[in-house]
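What follows is each chain in one-letter form.
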Amino acid sequence: MKQFKHFTASSNEKIYMIVYRHWFNIFKQYIPILLFIIFVTIGIATLLALTTDSKTVINTSGFYNSGLYLLGIVLYLVAWVYGFIIWVDYHLDIWIVTSSRIVNIEQKGFFSRTVSELEYMHIQDVTSDIHGIVHTALNYGDVNIQTAGTHGRFTFRNIPKPEKMKTLVMHLHRQALAKKAHPSYIKKEKEIQKNN
Amino acid sequence: MLIIIGTLYFLFIIFIIVASVVIVWHLMRYSMNKKLATTTVLVFITVTIILLVMSLLLFLNVMSTMKKSGNQVDYYNQDNNSYGL
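First to last, the protein sequences are chains A and B.
Okay, so the first sequence: first residue is 1 according to the working numbering, each after it adds one.
Okay, so the second sequence: first residue is 1 according to the working numbering, each after it adds one.
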């Protein structure tokens, strides 16, 4: 039996896939951080060069240079920690496809987490959606699962190979329906109803 | 001036340490891939410690220079090889 925080697979439950968002989705969030680091590096290098080029320079062994380096390190530290906050959000945002259900663990910031489950029998309709040039080129997008009942929609957001995922979910849905239609399952259900 | 800069730096360090602890705690507790989480945490801790130590050394250097010069910065004039404007 596999056990994680928020998810425990029963002994006869098989985990088919653990899906993370596509790498480009996190890369997009890193672009501003990379630009920030480049900007800080160029800015500090320029300021240091300016002080040594000018005729009246500030004493290089002391306050000014150390202050600039300190500012640079502090800004790098902020960028580094912020980069990891993005990584944690990406790494803990997952969909688990098992033989009997789909589990969606959604991390929203540090202190908010939503865990939802969907059984294949409740699926009504599955659509994959690849929208845009980058999505098409890198083959990533959304898979929307329409469910019966109050749950409404269940969405895999920005996952790689959404069509493959759609096919897998549909296959598991058909398997679940076939299992439900099997005589032994009907017999079991009737027994449960009788006991109730 | 020294007290203000010192306090701001102290608050910044506290913020970074708290954020780092929260990041490490989340990764180790909730990750589905423990091996990747451990590797990531090790890289994160190593780089964070290096940056923190470097910043602390630079901060102490800045502080000692400020203390020595009584909050004044030494200016070096290349024309007549002397300090001061």
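It is possible that some hints are incorrect.
Claimed, not checked - DSS-like cross-link-like pairs, simulated, lysine-lysine; straight-line CA separation at most 27 Å:
no. : chain 1 : residue 1 : chain 2 : residue 2
1   : A       : 161       : B       : 35
2   : B       : 67        : A       : 161
3   : B       : 35        : A       : 14
4   : A       : 28        : B       : 68
5   : B       : 68        : A       : 14
6   : B       : 35        : A       : 108
7   : A       : 28        : B       : 35
8   : A       : 14        : A       : 28
9   : A       : 108       : B       : 68
If you are wondering where the hints come from, they were derived from the structure by calculation, not from laboratory data.
A quick note: this is a predicted structure, and the numbers were derived from the prediction, not measured.
Given hint residue 68/B paired with residue 28/A - CA-CA distance at most 27 Å
With Cα atoms ~47 Å apart, residue 28/A and residue 68/B exceed 27 Å; violated.
Holds or violated: residue 161/A to residue 35/B, with C-alpha atoms at most 27 Å apart:
24 Å, holds
So if I understand the rule, the pair passes when the alpha-carbon distance is 27 Å or less; does residue 68/B with residue 14/A pass?
Judged against 27 Å, a Cα distance of about 68 Å means the pair is violated.
Checking one constraint from the list: CA of residue 35/B to CA of residue 108/A, max 27 Å. Satisfied?
23 Å, holds
Would you check the hint for residue 14/A and residue 28/A, treating anything up to 27 Å between C-alpha atoms as holding?
33 Å, violated
Please verify whether residue 28/A and residue 35/B have alpha carbons no more than 27 Å apart.
Holds, at roughly 25 Å.
Between residue 108/A and residue 68/B, is the straight-line Cα distance small enough, at 27 Å or below?
48 Å, violated
Within a Cα-Cα threshold of 27 Å, do residue 35/B and residue 14/A meet the stated pairing?
21 Å, holds
27 Å Cα cutoff - pair residue 67/B, residue 161/A
Not OK: residue 67/B and residue 161/A at ~61 Å, beyond 27 Å, violated.
Taken one by one, the earlier hints fail for this structure at numbers 2, 4, 5, 8, 9, listed in ascending order.
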